[in-house]
Structure formats: C-alpha cells, structure tokens
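Q: What follows is the residue order along each chain.
There are 6 protein chains.
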Amino acid sequence: MTTRDFEIARSVLVGDTADIYLHRTLTILRNEGINPDVAVEFTSDRDGVIAGVAEVRSLLSRVLPETGREVWALEEGSHMARDEVCLRIRAPYAAFGLYETAVTGALSASSGWATGAQECVEAANGVPVMSFGAKYVHPSVAGILDYSACAGGCQACSTVLGGRLTGLTPFGTMPHSMILLIGDTARAVTAFDRHIPPEVPRVALVDTFRDEGEESLAVASHMRERLRGVRLDTPRERGGVTPELVHEVRARLDQGGFRHVDIYVSGGLDPERIKAFNKAEAPVSVFAVGRYIAASPPIGFTVDIKEIDGRPVAKRGRIPGIRENLRLERVL
Amino acid sequence: MTTRDFEIARSVLVGDTADIYLHRTLTILRNEGINPDVAVEFTSDRDGVIAGVAEVRSLLSRVLPETGREVWALEEGSHMARDEVCLRIRAPYAAFGLYETAVTGALSASSGWATGAQECVEAANGVPVMSFGAKYVHPSVAGILDYSACAGGCQACSTVLGGRLTGLTPFGTMPHSMILLIGDTARAVTAFDRHIPPEVPRVALVDTFRDEGEESLAVASHMRERLRGVRLDTPRERGGVTPELVHEVRARLDQGGFRHVDIYVSGGLDPERIKAFNKAEAPVSVFAVGRYIAASPPIGFTVDIKEIDGRPVAKRGRIPGIRENLRLERVL
Amino acid sequence: MTTRDFEIARSVLVGDTADIYLHRTLTILRNEGINPDVAVEFTSDRDGVIAGVAEVRSLLSRVLPETGREVWALEEGSHMARDEVCLRIRAPYAAFGLYETAVTGALSASSGWATGAQECVEAANGVPVMSFGAKYVHPSVAGILDYSACAGGCQACSTVLGGRLTGLTPFGTMPHSMILLIGDTARAVTAFDRHIPPEVPRVALVDTFRDEGEESLAVASHMRERLRGVRLDTPRERGGVTPELVHEVRARLDQGGFRHVDIYVSGGLDPERIKAFNKAEAPVSVFAVGRYIAASPPIGFTVDIKEIDGRPVAKRGRIPGIRENLRLERVL
Amino acid sequence: MTTRDFEIARSVLVGDTADIYLHRTLTILRNEGINPDVAVEFTSDRDGVIAGVAEVRSLLSRVLPETGREVWALEEGSHMARDEVCLRIRAPYAAFGLYETAVTGALSASSGWATGAQECVEAANGVPVMSFGAKYVHPSVAGILDYSACAGGCQACSTVLGGRLTGLTPFGTMPHSMILLIGDTARAVTAFDRHIPPEVPRVALVDTFRDEGEESLAVASHMRERLRGVRLDTPRERGGVTPELVHEVRARLDQGGFRHVDIYVSGGLDPERIKAFNKAEAPVSVFAVGRYIAASPPIGFTVDIKEIDGRPVAKRGRIPGIRENLRLERVL
Amino acid sequence: MTTRDFEIARSVLVGDTADIYLHRTLTILRNEGINPDVAVEFTSDRDGVIAGVAEVRSLLSRVLPETGREVWALEEGSHMARDEVCLRIRAPYAAFGLYETAVTGALSASSGWATGAQECVEAANGVPVMSFGAKYVHPSVAGILDYSACAGGCQACSTVLGGRLTGLTPFGTMPHSMILLIGDTARAVTAFDRHIPPEVPRVALVDTFRDEGEESLAVASHMRERLRGVRLDTPRERGGVTPELVHEVRARLDQGGFRHVDIYVSGGLDPERIKAFNKAEAPVSVFAVGRYIAASPPIGFTVDIKEIDGRPVAKRGRIPGIRENLRLERVL
Amino acid sequence: MTTRDFEIARSVLVGDTADIYLHRTLTILRNEGINPDVAVEFTSDRDGVIAGVAEVRSLLSRVLPETGREVWALEEGSHMARDEVCLRIRAPYAAFGLYETAVTGALSASSGWATGAQECVEAANGVPVMSFGAKYVHPSVAGILDYSACAGGCQACSTVLGGRLTGLTPFGTMPHSMILLIGDTARAVTAFDRHIPPEVPRVALVDTFRDEGEESLAVASHMRERLRGVRLDTPRERGGVTPELVHEVRARLDQGGFRHVDIYVSGGLDPERIKAFNKAEAPVSVFAVGRYIAASPPIGFTVDIKEIDGRPVAKRGRIPGIRENLRLERVL
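Chains as they are written, first to last, in my numbering: chain A, 1 to 332; chain B, 1001 to 1332; chain C, 2001 to 2332; chain D, 3001 to 3332; chain E, 4001 to 4332; chain F, 5001 to 5332.
The set of hints was computed from the structure by calculation and includes no laboratory data.
Hints are supplied without guarantee of correctness; some may be wrong.
Here are the simulated distance ranges between beta carbons [said to hold, decoys possible]:
1. E/Glu4066 - F/His5079: 34 to 42 Å
2. C/Asp2047 - E/Ala4081: 47 to 55 Å
3. F/His5079 - D/Gly3257: 22 to 30 Å
4. F/Asn5035 - E/Arg4030: 43 to 51 Å
5. B/Arg1046 - D/Asn3035: 37 to 45 Å
6. E/Arg4236 - D/His3260: 26 to 34 Å
7. D/Met3001 - F/Pro5312: 45 to 53 Å
8. F/Asn5035 - E/Arg4236: 29 to 37 Å
Owing to the predicted nature of the structure, the values given are computational and were not obtained by experimental measurement.
Positions of the beta carbon are idealized from the N, C-alpha and C atoms, including for glycine.
Modelling step: build the complete structure from the supplied sequences, incorporating the hints.
A: Right, here's the structure in full:
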C-alpha cells in the first residue's frame, strides 16, 4: 500500500497550503547561502495506526532531487508507538523545507482516521466494519478519509473516490430520501431491484415509516431470495438501534423463513457501542461507522532536524542525533 | 462573509466525493420518472458556530437551476443552537441530491473548526488568538481550516491560502529549524531582519538552545526597537509554557528596558490552559493555537426532506413539514 | 382523611403479625403485675410524607380502652421532618404493647409509598400523576399502596380496592394482552368503545404492533372525537418513551386534526425521567408511575417510651420525656 | 417448599386488588366471544432469588379449570437470572386474566425480600441471619415477608405468623420497652427467666441503661449458665454497634468466665456492614436484619402472551413464541 | 507577639542543625573573599497563618551585626497569602548564611501548626478551641507547637512550657490513667477536688468505665456546684463522640439540675467534625484538638537572594529584585 | 540501632514539655498514697515504620528505677501494624507517669517521618534516597528528622547533626545562593573544587542561570573526571524536573563523553513522582526528598494501663490485660 501513487494538488506543490514562516525561512537561508544536507525525523505523539505514507511519498518523489535523497517510513497501516520515529527524510534542506506543513498534516489527519477506524475494527471482533464518514468531513478529503479508514482495517467505504483510491467497490444501501420520495419502503426496494445492476447487493433501510420488525418482514416478503440484508438506522429520538432490536428482527426474520437476510447496523456507532452489541451477542452482519472515524482527533507529529551535514543536533528538550528504528523501510 | 465566492474542486462537482448510494438513487428516480420539488432542511446536532455557508452557496450556485431554487442559511460565523435549522434548500430533487454528502461535509468540518476557535477566543477574553493548525490537517483543507478559524473569531492564520481566503495577512514567526540551521538564535533573528520586508513583524522564537529568559534578553539586546516580540514555545519535556514563565520573561524584558517587546505564547494551548494564563494575569500578547482547533470534532447535520411538492413529510422520528427559523437569510 | 375508618385484619387484631417478643413481654409484665400508664412516641428517621395514620387510628380505636387513652398524630398526607414526633400514644401499656409491630409497620410502608408518590408529583410540576404500582406489591397491600400514593398527591390509581379506599374512580387504559388477543389495535379500541360504558375515557395503547406515530393516527382516524387519549408505553428494548417521541406523536396528531387527543406516558418513570420530560417541554397529559412508587423504601420509625406514670424516662441515646410538637392533632 | 398451600384473601379472589383494566378486558372479550387458550410467560428483570411461587400456585389452583391447565415455575427460593422465564401458565385466557396483577405482585414483593435476605446471608458467610423486618412492612404482609426472607436463606424470623408459614419457631429477645418498664436490665432478664418456658433461649438486650460491657457482665453474673446470649443494639446516636465493641464484650465475657454466652448483633445491618464485621473477625453469633430485607426493592416481572391457540405471538419489542427453560418444573 | 524573646538552642547557634552545604558555602566564599551585602526574601508557598517570627527574630538578633542589618517581617499570627514575601533580611551574607535551614524550618513548622489551629478556630465559630497536640510531636518542640497553636487562635494549651511561652495558664482535665488507678470516676474527681488548688477548674472525664450519661450524672451528683464541666472523649471503638451524645448529656444534666456544668469535647476532632457539631447545634463549651493541629503539614518557604550589593538578581524561574510588600514591619 | 544512647533535653526531664494534667495526677496520687506497679502499652493506630525507640529508651533509662522496671519494644526501623503493641513499660506508675507525653510524642513524630521515608525508598525501587527535609521542621528536631528518615531507609541526610546521630557522612551539593553570589555556575563549581576536601563529591546544581542541558555540558567540560554529578532542581515555574529532562541531560552528557557523571534529582518529590521517573526509566542516580518526609503526619499511639498490680484492667472500649506480641524485645 505504501508505494501506491497519489495525485498531489497544485496548491500543495506551489506551497500555498504551507505556513508562511516556511516561505520566509527559505528566503533567508537562500540569501545567507545556507543549504546543508539534513536528516529530519517525524515522531508520533501517541499510539495509533499510521496512514498517509503513500501520499507523502508521492509528494516527496515530485520535489526531492533524485540523487542524494533518502526517505524511510513505517509501512502504511501498521501500528506506531508513542514517541516512535515514523518518517525520516535526508536531503538538502531547501528541497523540502516548504513541505513540512503538508507532510505533517497529511500524516496527522490520515493517521487519526486510521486509528479511529482500527478501534472500531477491534471492537467489532471479526464482524466487518464499513466507513460511512464522508458526510462529516470536507469533500476535498472525503476520499482520503475512506482510504485511511481502510488502512485502519475497514472492509469497505461509501464514496466513489474512496473506492477508487482503495481499489475496493464502494458500498451503500439506500438513503431515507429515496424512500420518502417513492413513498413506501417495499416499493422503493423493488424500484432499486429493477434499475440497479444485479451485482449490487439489495439492502433495505427499514425504519423510515414503520416499526423495523414490521417493515423488515414486509420487504422480505416482497423480495425473498433477492434481498441481501436490512439496515437498521433508528434515530436517537426513537432510542437508536439496540442489541435487543437486532435480536428481535433476527427472530422475526427467521420465523418468517428469511434466514439468508443479513442485518446491517448504523447510527452513532463507536467502539463502546459496538462492544455492547457483541457482548449481548446481537447477530449483526456489518457495522457502518461514520462520525466516530471522521471525528478521530489528528495524531500530532513532532518534526526535528537531527543531523546537519552529518553532525548530530537537536533543539533543547530533544535528544541530538537520529534515533534508530529497525521498522523503518526505505520508500524513496 | 456569507456571499464570498469559493472555487469548487472538479471531483466534488462530478460527484466523486459523494456516497455511492446517492448516485444510485438518482438513477432509480430518473428511471421511475420521479423528480418533485422538495424542501430539505439541515439541522445541527450541537451548539456551535456555523461555517462553510459561503462555500456551500458557491457549490449550489453552480448546480441548482436559476429559477425555482431557494437557499436559506444562517450567517457565516454566527452562533447556532442544537436542533436549529441552519440551511434550507428548495429545488427539484434531481438537481442537488448528489451533493448531500459534500454540503453536509463542508458544513460539518468547517463548523467544527469555527466552534473550536471560538472557544479559544472566548477563553482569551480579548487577547488575540491566531490559528496555527495547518500541520494537523490534510493540506487539501489547510486553507479552509484557517478560513473557518477566522470565522470563529481568530484574528490571523498561518497559511498562505488561509490568508488569501480570509483577506488577512498570514502570520508567522520563525521555525526551530531555521534557528538550528543558522546555529544561534540572535544570528537567526538578525538574518530575518536583513532579508525580510520591514512590514513583517520581527518575532523571535526563544527556546531553541537556551533558557527562555536568557535568550529573550540576548535577542532584545541585538535587535532593540526592531524587535516586535518573542515567542515562547517550550516543549512539554521542559514543562511547557507556564504563566510564571511569562511573568518572569516580562519582568526581565522590562528590567532590561524592553517594554515594547510583546510575548507570544504557543504549544498545546486549549481553552482551559488559556483561561489559566488569564487567571494568573500572565501578560500574554497573542495566543497561537494549533491542535485544539484542528482537532475540534465535526458538528453533525441531520438532513431531512420536509416537503414534497408542497406536502409536509418526514421520516419516523422527525416532525413533518418545515420548521420556521427567522434567523435564516436567503443566500440564493 | 385522617379519621376515615379502615377494616383491620383478624390476624393483626389477634397479634399474629406481631414480633414474638411482644407476646412474651406482655406475659412477663402481667405475671409481675406491671402495667403503668405510659406515653410512647413514634419518631420518623427521614423526611417524607406521612401516611397510615387513619389505619393506625382504626386499629387503636378497637384495642385501647375508651377512657384514659389519648392518641395524637400528624395529619394524613402532611409533610414530616426527620426526627419529628409523628405519633404519640398515652394508655396503659398492656392495652397496646402487642401492636407496636403493626402500628410501626403500617406507618413505615404507607409513608414510604406516599413519599415516593410525592417526589413524582413534585417532579411532574402540575401534570397529573397516576399510581400504577399494584403489580409490584403483594396483593394484600395493593389497595393500601394506592391509598398511600393518593395521600402523597397522585390523582388516581389503578386498583378497584384503591378506588374504594380513596373514593376516586379507578383509572385504566387497556393491556397489551387485550390487543394481542383481538389482533389489531384499532379493532381493540373499537371493541372497547362498543362494550364499556361511555363515562370511561377511551385511551388507546399504541405500541403493540406498529410504530407509535403510525398507530396513533390509525386509532384516531377510527375513533375521532370519541378518543380521549393515547398511551405510550414503548418497551426498553425499543428505547423506552422519549420526550422526542411525545413531541412527534403530538405533532402528527395535530397535523391530522386530532388536537383533542391526550398523551399518557408510562413505563419505568421516576422523578428524574419525569423532570427530563418537563425540561424538554414534552406535551404529556398524564404520567402513570408504577415501580418507583411501589419500590420506595419504608420510612423507619423509632418507638420510645418517654413517660412511665408521668415520670420522664428514656433509654440511653435518647432524651428523656416527651418532646412537644404543636403540629400533632388529637385523633382519639 | 413450592407446593405448600397458602390461604388466599377473599379480596384477591374476587379481583378487588386487580387493576381495573383487567376487569374491562374480560368484559370486552366475553362480549366479543374471544377466549383462546394462551401461554403466558413471566420474565424477571433482574438477577435474584425467586419467592412467592407457592402462594401463586395456591391462587391458581383455586381459579384455573382442572383440565387444560398447565403451570410451570422455578423452584421456590432458587436463583433466577435477569430475563429468565420464571413462570409459564397455559389455560383459557378468561380463567386467569383477572389475576395478572396479583400473581405479578406476589412474585415481585416476595422475590425482592428473598433476594435482600440472600445478600445478607451471603455476606454473613456462615453466621446465621434472622429476619427482624416486620416493623418496616404493612402488617398484612408481615408473615409473607418473614416467609420470603427464610426462602432467601434466613434461619429464623420474628413474627408469630412468619413462624407458622415457615414451620420454624419464631425468634425474639426482649424489647427496650420491657427493660424500661421493669427499670433494670438484670431484673428484667430474671423476670423473663422466671415466666417464660425454659426452651426459649434467654438473650439479654444490654444497651438500655448502661455501657454494653458493664451491662453484659452484670447480666451474666446474675444468670450464669442460664444466659444464652446478649444482644447488642447500640443506637446510632452512640455510634451503633462496631466490630471493636463485639471484640471487647467478647473479651470481657471470656475474662469473666462466660464463654458460653453468644453475641447477637442488630441495628441497621446491611451486607456491607455484615462484611465489615466478618473482615474484622468480630465474634458475632447471630445477625438480626430488619430494614435492609424489608426495604429490598421489588423485582419486576414482564408478562407476555407468547402463544394464542398454539400460534407464536408477541408484541413489538419481544420475540414471538415461548422460550424454553429446562429449570421450570410443573407445579399444577 | 512578634518581639517576644526566645531562647535559642546551642546546637542551632553553632550550626549543627544546618544543611552541610551551607557550611561548605561559607568556607568557599571566605576563601574567595566574597561577602557582599545581600537582600534575601522568604516567600510562602501556600495561604496560611504565619508563626515563628518572634523566634526567628531572637535568633537573628544574636547573629547579625548590629549595624547594617535590617529584618522585616509580617506580624506573628497574621494571615499570609500564597507567594507573599513574609520575611526580608538585609545583611552581609556571611553573617547569616548558615542559618537559612533554621530560619526556614522554624517558620515552616510554626506556620503549619498555626494554620491548622486557625482552621479549627474558624470551624468552631466562637466556641473556644484548646491545643492538646503535645503527644503527637517530639518533646523538643511541644512548647513551640502550643505557642504556634495560640498564635493561630487557640485560647489555651496543655503543656507547662506552652503555658510559659504564651503567658496563658495551661489547661488540662484528667487522664484516663488516673481514673483507672483510683478505680472509680466519682472518687477520682473527689480526690482531684481535695488536692488541687481551687482556682483550677474541675472537669471530669466521663467515659472510662460507664456510659457517659450515667457517669456525668453520678459525678455531678457528687460534686454539685464545684463541678465545672465534663469531658466527652469516647473512643472510636465506641463510635466516638457524636452531636447526639452531647445533646443527650446536656439534657440529662439539665433535667438533673446541673445547668452550670459545661461540656468539653475531645477525640479526633478536625474542622469537618467541629462543623458537624455546630451544624447539629450541639451545646459544646470547648473543643480540645490534638492530632489535627500537630499533623498540619509544614508550609514551604522559598528563599531567594534578590539583591547583591544593591543590584537586582534572581535565579532562573524567579523575578529579579525585591518585591515590595507594605504589610512587612521592621523587627530588627 | 535500638540501644544507641541519646541526649535528653533538660526541659523534657523536668517535665516542662508534659501535659499539665500529668503533673496534677502525680500530685493527687502521691497525696492519696497510690503508686501501684502498672503495665502500660503503646499501640500504633496505623501501619508504618517505628522510630524513636532508642531515644525513648534513653529517656526511660534515666528516670525509671533500675530494679523492678521492664521495657519491651519493637526494633527501631522495623515495620509495625495498625493496632499492634509497639512498646510496653512495667514500673511503679509514679516513676514515669510524667513522661507519657514525651514518650508518645517522640514515637509519634519519629515514626511518622520514618514511614514517609520508607514510602519514598520503596517507590525508588533500589535507587538511593536522601533526606533533605531539615528546612521544613523546627531546628530543634532537624537532627531527629534525619535520624528517623534513615531508620526508614534513606541512605544519607543533609544536616550535620543528622550525620552525627546516624553515623553517616552528611550529604550536600551546593545551594543556589552560592552560585548567585559567585555569578556563574562553572566558576562556582571550580571554587568548590578548589576549597573543599577531595573526598567530598563534586555535584553541581545546574538550573540557576541557564538551561539545564547547556549548563550541565558547560560544567562537565570544565571539571571533566572531577565532576561526580549534576543536580536537577528545576523550579515549578519552569515545570519542575521531568523524566524527559533526565533522559535528555543523560543523552547530552553521554554524547559529550561524560558517562561517569551522575544525575541527582530534587524538588517536590513524593512517592508518586518517584514512581513516574522509574516508570519512564529515567536514569536517575539519587533522589533527594525534603518536604514529603518532613510533612509525613505523626502516627498516633494509644496509651493504656493494662495491668495494675498484676490485675488486668482497661478503660471502656479496650480489652483488659496485656496483649502478647512476640516481636517485642526487652530493651531495658
């Protein structure tokens, strides 16, 4: 995953997204004739899953001179410990000083999302988790969010772009809007079945108009073997989805002869709530998680020049010289 | 601020960042010949400051038909209450169904950042707050982060793009890297002074090599009236910046005759810590806040079709029909 | 209320429900020829509402000699403070020693229930509260529970016997059983309407088969002006009744033209939850409370001989002699 | 214990203690000609000890038709888990619908008391526990309380009726009143000894007038081998009974040559305090518990029709059809 | 109080109790010929009551040269705020460098005790508090403890030396030992009355053998008008002294005609418990406090050289130069 | 350690530091002719380390008659359990009654300090702990504090007298004062090296003027092999000493070739903070603890006469007669 190539936005390449002081630093150093070879280390400030490595690699491959550069990083999607060196760049300073903001930001945001996703995946204990978080992030990063969530262990995601970046088929059921516009859940599902290619699984949203148990049976009776699953997304005004509801819908489906119909759960899920479903042995087939992953806080990365022309240095508060980390792999 | 025009990325316009199920919904409705006029409302799920309205307006102005559309929204940067209707769109459903993910995501992320910024601004109680959060977000949204932080009350931001979007001069001091590369703080500040246009304020970072008090006096002795301020950014390994440190540096500067030198504080600030500085009457001139604003969780927005061809509707759990809100202004 | 006459069970009158040591004490004192006039005080050990006074008065009127007796008590249903003297009996000891267990027990249990009821009534802040607690107490005291709950402020109760003791018409809607047996909510309500006298209000239980909003509209459409209310009793497996559900059902009923239909709420209510409904301004017409009132802990009463033949006494730990309390009224 | 026969009050048999809506339901069903065979299940809503089964069996044996009825229940005094089916009745609905309140109430109250008793018994870890709770419940249920406490593991109880229901000799020491009336503890104990049959153990209450240690020695010196024990019941105004007091009284009795005298402890005991005595290895012979058992909250039972004429049914929120439970035994 | 003269131990004057590094510092400075005039400030690190000033003054008056010295201090027993300058010494450094440990230690310990005493005095809200703490401190400082407690507001103390230092008559009742040796409380009090001068108040300890209420009446009956008070000191094994016990003993004394007998309370008192007595309006005449005062933690004092030969200095972390404090008074 | 001889102050021997009631008791008993042989036991009221035994032994050896006395005690510095008998004296009461306050006080204070020291020693888990608490106690007990801290496991102490009492060389580095007076850390250390005997270790305080890392390297460069260690004592205004600071200083010293230089840590240490250093594997060579040890609360000792002329006695609340404890050793 680490060497996949990413498109880099022009505004990033020209430095528009950089902190202004980096522009000024480059001006000053150029005027002073200072441009040593440096080794810079990026250190994580909490435990988590690293993501963003491939994108950073793509950016650096476009801006670093081909000779004399060295980039070492942890593998995309692997675990990183607090205070671990996760990325090391060796190159003339002037070649990449401007990109410090972009590199740190990409790692920070992507690793935050991947870490949030992984917490859900762990809680789900084998039940697949899907990333439905696009509606909680700016559209410019919706694809990156989905990519990072999959780096953290999600098995699918909901955006078209996320699908393209991960190489996985994007996943979706149907929105409440469609059912409201058609005016009846069973009719909406039938329309879906009529117009959407057969390889897309038929998963009905069953809480729009009526009780979930009632609606599930109604839809299953219309669709029979063609129905792949039902999605429970009860709003908080109605108590949200509970483990007991999953048990009951499962029992009613089974008693109706619809053992093949899966149950998808969504709506405000987080690791605690996912664990509660598992503890109650609720027969959930898929958890769809949105806000928790999207709201995972960024992971901070400390950036330190550790060598200047081969000499160990550090600012006060840090230990001079590079710190060995055998888990780093050379990516450039 | 609400009517400023934003560039909208192509991937957003073509729907690549949309949830896949919206694509399918449009296919189905088209095949079924369903395309009523609808009223859709976006409701916030917690208190905060709204941002992203101008960008959403720019997007909708490109996709909605000029006749028959109506867009109402709260004013950019104003307060919004939990469960308040913040945005209402009236148009034929097919014209904008695909953009639900993008609109919600832009509001969600931007409002989250604006709200985090405002909490800091309130805590600072009159002392200016600056947004330094770009290193914690993906570079594709660094400018939007800075724009949103200023909507929430920040007086300046650090990225070039943020400056462009807000119309404010971007602000920065100098990175530790530059001082390490030059090898001495006083020499680094002198170099800055030599090469950077005079209208940029000279603010020295004073914790790279030596004790902050010692370094502040050394820099002030070199620069005298030309020095605008010193920035304290003590790392957590050294206990971070404390109110007592600000008092001491202020006293030492005053005793040295440098009453004109301001003190900028940065490093892991959040509303609690800002209040602690104020409570201890620490003479801070500017607070620079990064991670807290960038990590502010997105604010969720519920999207509900409330009218179809003039008829009140709602899914189970919501009240049918639009909800009046006199604070909404027509933006399109 | 305090002088209403109660039937006293034979087992109480013969002392079968008394602690055995009271029987033995009477035997010993008789053999020793000891039977002084005593003053005995009953002191409450926490704040609350007193109940059981009328029943205790009925018991004492049957066992105390008509001359030489004096019974003073607080008024039924009034507030009593911790450590307040609530009942004082003056009589020859042998006339009532055996009934100490019964008198204390009646006050203890009844006051506990009245106090629990009053906490709900206070929380309800003007909205009527009804006692539905019979299913949580032994049938031998179901009527006393209801009587005590009304002494604490409830406006009605559910048992036939409770109705008789309080002089109020017992109140009820319909059980889930009836709806299940008839097989459809609207049909069940119609049957009720057909066979039950018109002065009994028609209140439909609307969560048996379908979503509460849907069912409420269905029932209201059948019954129109004849429907007095709907009762929401959503089980905890479906999240229980929430303020939002009440708001929504209210809105849907109003939009359907059924403004005259009241909303009754039941299911696990306690003062905290009742306050939450009021805080959310949920338009509830009646709260029906069961378990909280029935499970209210008994209030302990300390029983102390304070005078023997006019001489102040007390055991160690208590202050000798009677304690004046101007709130006491002579009831016998 | 489960098949012992109980007397059932007339008011229960005629339905006076039933919720009014059950009367109405029977009227309606009769008029509609509905009276199917049903299976009804009673499910506990928390862990505990079941009691009340024998009494419920006695009630049902009087009202159900002898043919076509089936009653299954857990064994009296056994453990029941949350959500376990504890009682199942199969019969024509009209035969027992009216008794739902009584059956649930009897189980609820009795199981609550048995569960509270069992918590004390467990805490006592082998030291006998006695039920002294009659003064905290209405006299109509004082015997049932004692019966239930013994079902939960108490080794004796204090009321005459409780003794009759359990077949155990009721237990008691002497009340403070008797000592106050006689005027001296040693004289009171001597009087007890003179007038009460020798098989009743002589247990002196030793905190009425003087220090417990002093009084214990005084009583033991008078009574010698005839003294079975002393009861410590120090009021809270004097700090209550502490483990250290028990140790000291034990030591003083032993030093005086009264090793045969047991120590009974009472006064505000609960499982926490009982454990504290055990942890401090206080040589207690018997714990007498009143309020804690009497105030144990009722255990709720959910009542659901699960089959109608052999067809599985359930209201929304419950799983249709009966749930097997191999621990149920047929009692009727 | 601040100018009272104290005896200073020889070991302190020769520096035996000083930290060894102060000895070495004086050696080095002498060899280097360094002995400037300095201003040294002592700053408290928490709020409290200052004590020890008079003793420090006595020490400094013996070691500082009479000309060229200046000592300023807060008034003994006055309030001091956290971070307030409490003592300032101006003198040649060599004259007092050795005594830094002794000066700081005397202020630290004495102020800690005075502060603890004052917390009790405040809690007692007008009822006198006496210092009984000598048994919790080393005998070498028992007198200083009592002196400091009186500086903090105590109205008397228990040691002979404390009495001498404060000029107050030491106060005491009688120990349990004396009563045990004489074998009876009333006889012990009579013996006290026979042999101790009449101006010493007769206060009987009443919990040695019997119940406090019983013993109080027995002693009062023997002593009548000659009894000044009774002291309640119930051990924790008997629940300690409670507000209810004070009320009861008061009532029993009053009922016996002994209104003139005061009630002294001791045994594990602290501000919280003293407040509980006041809140319950317990009629206590005197609180005797031991451990709480003796265990009051020392108050730390920071010692900083702030001027050297008139030039402001400070170590890193402190503000250079003296800090004005108008509350300081010149004491030498 | 238990039999080391201590000097006893005259004020203690004449009883000036005793509670006045002991003087009166002796007067009364003498006049009454009461002076039995008694056994008195001292019982600790919490777990801890006992200290003060040797000093108490010295006092008793001066006041008890040589024949007929017996003193048993736990070993100095050993563990004592709550409620354990720690000291037993057998002698005629008149010989030592006056010294109850002094004996209890010496044990109380010394054991408190030893216990506090031992908590630090345990937390340090093998790293030496030194007692620097003299500045927080009255100078009259500074030596006893240091002696007790060493009884609790400290390996050295700071006062001259403490050194004499323990037989250990007192330990110290240098005060901030000396560095301020000399004006430069490196020059101060050089002066120390010039004038102080070579067997005293050279340990430099490195936070007076400059950053600790910078200063450590500067001092080490001047002193080279002659430098034994650096002491970190960063004030709280600068965040105090952190584990990260120790790591960094260690790394910088090692990179500079100064692996032989130890790191001493001081400043507000307590067991929690010491554990945090160990958990972070900070390479600390010595912990110097002041306030925590000095502020350790005294341990209370209950004093009870348990035999009078061979007869077991006790006041109410205690068990009569001595309690065997095989850990006691005869010390006199």
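Q: Against this structure, judge whether each hint is valid.
A: For each hint, the structure was consulted:
1. Taking 34 to 42 Å as the suggested C-beta distance range, the pair glutamate 4066 of chain E and histidine 5079 of chain F does not conform, at roughly 53 Å.
2. Between aspartate 2047 of chain C and alanine 4081 of chain E the beta carbons are some 42 Å apart, a value that contradicts the proposed interval 47 to 55 Å.
3. A C-beta distance of roughly 37 Å is found between histidine 5079 of chain F and glycine 3257 of chain D, which places it outside the suggested range of 22 to 30 Å.
4. With their beta carbons about 59 Å apart, asparagine 5035 of chain F and arginine 4030 of chain E fall outside the hinted range of 43 to 51 Å.
5. Restraint check, arginine 1046 of chain B to asparagine 3035 of chain D: a C-beta distance of roughly 54 Å breaks the suggested window 37 to 45 Å.
6. At about 30 Å, the CB distance of arginine 4236 of chain E to histidine 3260 of chain D agrees with the hint of 26 to 34 Å.
7. Under the hint 45 to 53 Å, the C-beta atoms of methionine 3001 of chain D and proline 5312 of chain F, about 50 Å apart, fit the expected range.
8. The beta-carbon spacing between asparagine 5035 of chain F and arginine 4236 of chain E, approximately 31 Å, falls within the hinted interval of 29 to 37 Å.
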